[in-house]
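2 protein chains.
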Amino acid sequence: MPTPLIDPWHLGFVLWDMLDAEALFGLPAFADHDRAGAGAMIETATKLAEDVFLPSYRLLDDHEPGIENGRVVLPAEIEQSLTAFRDAGFSGMSARAADGGLGLPRAVANAAFLQFQAANISIANYAMLTASAAELLAHHGTPEQKARYMAPMLEGRFHGTMALSEPHAGSSLGDITTAARLLPDGRYAIRGTKMWISGGEHDMGDNIVHLMLARIEGAPAGVRGISLFIVPRKRLDSEGRPSVWNNVALAGLNHKMGQRGTVNTVLNVGEGGDTIGEIIGAPGQGLACMFTMMNEARIGVAMGAVAHASAGYRISLEYARERRQGRHPDAKDPASPQVPLVAHADVRRMLLQQKAAAEGGVALTLYLSKLADLKAAAPGEAARRDAGLLLDFLTPVFKAWVSEECLAANDHAMQVLGGAGYTSDFPLEQHYRDNRLNPIHEGTNGIQSIDLAGRKAVMAEGRALDLFLSRLAETASAASGVTRLQSMAKRLVEMGTAMRTSFDRMAETTRTVGARAALARAHDVMELVGSATFAWIWLEQARVALAGKGTASEPERLRREGLVLTCQDVFSRVVPRADAAAARIVGEAPASLAIDDVMLG
Amino acid sequence: MPTPLIDPWHLGFVLWDMLDAEALFGLPAFADHDRAGAGAMIETATKLAEDVFLPSYRLLDDHEPGIENGRVVLPAEIEQSLTAFRDAGFSGMSARAADGGLGLPRAVANAAFLQFQAANISIANYAMLTASAAELLAHHGTPEQKARYMAPMLEGRFHGTMALSEPHAGSSLGDITTAARLLPDGRYAIRGTKMWISGGEHDMGDNIVHLMLARIEGAPAGVRGISLFIVPRKRLDSEGRPSVWNNVALAGLNHKMGQRGTVNTVLNVGEGGDTIGEIIGAPGQGLACMFTMMNEARIGVAMGAVAHASAGYRISLEYARERRQGRHPDAKDPASPQVPLVAHADVRRMLLQQKAAAEGGVALTLYLSKLADLKAAAPGEAARRDAGLLLDFLTPVFKAWVSEECLAANDHAMQVLGGAGYTSDFPLEQHYRDNRLNPIHEGTNGIQSIDLAGRKAVMAEGRALDLFLSRLAETASAASGVTRLQSMAKRLVEMGTAMRTSFDRMAETTRTVGARAALARAHDVMELVGSATFAWIWLEQARVALAGKGTASEPERLRREGLVLTCQDVFSRVVPRADAAAARIVGEAPASLAIDDVMLG
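Keeping their order, the protein sequence lines are chains A and B. Numbered according to my numbering, the first sequence spans residues 1 to 601. Numbered according to my numbering, the second sequence spans residues 1 to 601.
Worth double-checking, as some hints may not be accurate.
Treat identical chains as interchangeable: a pair holds within one or across any two.
[As the list claims (entries may be wrong)] With a cut-off of at most 20 Å between alpha-carbon atoms, the simulated SDA-like pairs for lysine to any residue come out as follows:
1. K490 - S480
2. K549 - E561
3. K234 - S572
4. K490 - A583
5. K490 - A147
6. K490 - L182
7. K234 - G186
8. K146 - I216
9. K490 - S572
10. K47 - P8
11. K490 - V575
To be clear, the hints were calculated from the coordinates, so they are not data collected in a lab.
Here chain A stands alone, though its shape is the one from the complex (with noise of 0.2 Å):
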């Protein structure tokens, strides 16, 4: 019985065939690696995955974390997961070695961590939160901040969190009111309440690091006013040791439909006795650094999307192919026996939607781990910020377009087993829930939507969309020399066009109109790049699934030959998608502009 993890061969696909990973260990920075590592410790993830993280699935969506005497009190599962995680060494793998860290290329970390958001999101999450916090810290830290709470979290013995929003301010970081007293040793007293806190408060490790934003007494209104702080859970003596509490006090527990074994927490910090925190990076600065760990979570948040969507395509197709109903509509006879869910069209449209967003999902991940890997170490500055660019530029649509697409397909995956998908004798319920969370948090999808369209489309001179312009060009020139692949070749360059339509017209309404009329099209936008996005990867791997068919053995043909049909369905749903978004764009102004609040009911 397949498990509901990554399936080996498409990752293998992706990484070698079609991204060429292995080229990646030519470069001086991941010289130290090789493929054959790199394959043993996605195989090690793998198993890992499998055996640890695995079993507990259920345990902690029937478990949720409680407070007993003021404590948050968690399943023991987590911390036995997190700990055999950290001693095969995947705290910090894709940490550079000149910070401590095994120094993989993101790529191949991407590919091995995927297995564990696969198996069990709620426990992936706490080492997702504490490797971009280390991230962080490896950008903006001072030495000593980078000595004293990175290293300890690559060694898996701190945790990392990100203390952003406020009861009052999500969405709206800019209006957060946590304050930060400067005191004379340099450091600040933090004083207010943070919500929605993932990880936020438990006993696990040595010890947590919040990431916090607050804002230093006297600093202006609105983003410019937002400072970063280290705000430990306990102080660090001067060894570096944990000592005594920080005063962030747990203020009670959110209580989620999904992903229930990450605690999340509201925080009342300075309350009742100082809270010390270090600033990161310069006072007014804080978003700014910030965003190094947003961009990171993001990306970690749309591959969780992908991970649920992969688990539930396996668990369904695996129920497609066992259980028997019903019969060919050009079956007369009754008696007949009953033919396996799988071989009916309906059903087999319902796993290739699948298909298409899980493993569209997975070579996502990893292109754009490719994009993170050659900008840290590209040879040449210009590759090195084309590279950043163009990741920039993609991680909303990733984090927004991918995470709906996949939940869709855990949809789809409930659809497909009917009655039972949607009890608790089958994990898809619960998958459908975890998932739910992705389109909301590290940034609503409205919010990214809106980042997309009035942010990362103009920046650098609209660089980065020419970039983005230039690879669909790449793959619609090389695929319109494979017969099988002209039309939707043909298809790559109209969407192309309509992109550039697009954005001329969103700058020409954000002109002449106003921002405001410009990004009620936002939503638009994601769905118009997003589609572009999804069609190109999936012809990139069609055409590469073909170039290789000719040699390949009889069950990798089929293999390819399936690649190469999902991405006809892909074209099929998402061309007219595009269209449809690319008609409202230059269309008349939205009818959301025009209602007013009491004409809605």
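Could you slot chain B onto chain A? The hints should help.
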């Protein structure tokens, strides 16, 4: 604070203004009633739903039915609510007076019933199943069966269930194996296992009447060998009083993601003692008789989805009005006050989709209900037949397309609240979970699509389709004279043409390639017809809203304008969906036909 119930203004608009339900009271069947009485009934329902049904909505989710000493234990609030429902006269409200019912038009009864579904679906389900079972008996029962089983249902003393599925036969009812053996007295001994039986066992009321499909010994394989039986939980004595237990044994409960207050059971019948059943209708006519109840239940299920969409819309609209977050993109001063969520265009986009689903769903509910009234009571056989055909045609569309649009509405409702919507602090996550059942039960949406594409489109030599296209043409024609509606009227005409072309192509594909190839497009057919149905009901609403706008009061003028703008939003979203589906139907074979199991991974 608004309750999560259906908006009374809109309900009245649809019922009296758009559908002219008042005319129904001119028909002999409904002559005992009038608009004032009907309005009072709906008001009473609204109040009872809010005061009695609503308060236990969360409680029933937290306290799933359990088994104690072999008996199902339900929270007391369920029976208390059903008793209040009965005492207020809602049991049998739409059953004919001659049968002991109240004889209200279905359009009025369902307007009232939506409120109970919006308040607490898990309780409303029991009433819905009982009313549907009574309807079946009204059509197919003998006078004695009606007196002994139906009458107590209409009095709210007996509960009804539909006992169709078996562990190995869910969607494929032709494969059931539950056996019926003829006894000397003309009754039957039934033996087998029934699965997914909602309300299958509990201690509420005086009895449970299972309407059960079984196969008489020696009957042919497939659906033609299926007969229908009344199988009471307790056998009735000669006076009609429940007496000894009928050996319908509880074999287990299904634990669902939502609608948890509606106990869902596995039942063993005829084990360790005889289970006695009475046949309804003729042997081998079981499925045909059962369709009376199944069609009722399919409409009931879609109404449940509409009720959830309505509830979610009210809750998220209220939240969007109260919660202040962020500023408009053109607001430069970060110290300016935050605006309410409802002021953001992207939030209004999500509210508009919900308004469209909820109010379009209400309009379709009442339109279909009126068709049921005309089918039963219109003067002239042809009018009754046509109403029946149109109702048959639209039932799968309402069940499948609308239930998915309404689930999407709950998804948007949650998204409007962000993280808060994902927690149990608000009922949205429960509505989302509850509503997810509707695309599954009473025939999965895949089954509905096959029903529409393979059966409804061609029945009565295509007359149902002709009737539907005529309705579209009438609305388009009327709207084409209204400036603001002209372009939408044109699009509706185009959709009608696309439907005709698509169904012709389906017939041709069936003829030349085969049913399997044609029905691989069943989902596209549903997408096309559903989109057109939704566009049509919205254009009809917009047309009627504008027609009455001139003489309306200012608040009503704004509400009517809101309907027109919502209609514009609907067209911008669903016309492209219809276009895409129509293109796929006439386009190349879908990938789902070409892909082999082994290519899936």
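Right, here's what the structure says about each hint:
1. K490 - S480: within (7 Å within a copy, 37 Å between copies)
2. K549 - E561: Cα proximity of K549 and E561: one copy only (8 Å, versus 58 Å across).
3. K234 - S572: neither (55 Å within a copy, 55 Å between copies)
4. K490 - A583: The answer is both: 18 Å in one copy and 17 Å across copies each meet 20 Å.
5. K490 - A147: neither (53 Å within a copy, 69 Å between copies)
6. K490 - L182: So K490 and L182 fail the 20 Å test inside a copy (60 Å) and across (67 Å) alike.
7. K234 - G186: within (18 Å within a copy, 80 Å between copies)
8. K146 - I216: neither (23 Å within a copy, 78 Å between copies)
9. K490 - S572: within (13 Å within a copy, 25 Å between copies)
10. K47 - P8: Within one copy only: 11 Å inside a chain, 57 Å across chains, cut-off 20 Å.
11. K490 - V575: For K490 and V575, only the intra-copy Cα distance (11 Å) is at most 20 Å; the inter-copy one is 24 Å.
Hint check: violations occur at hints 3, 5, 6, 8; the rest are consistent with the structure.
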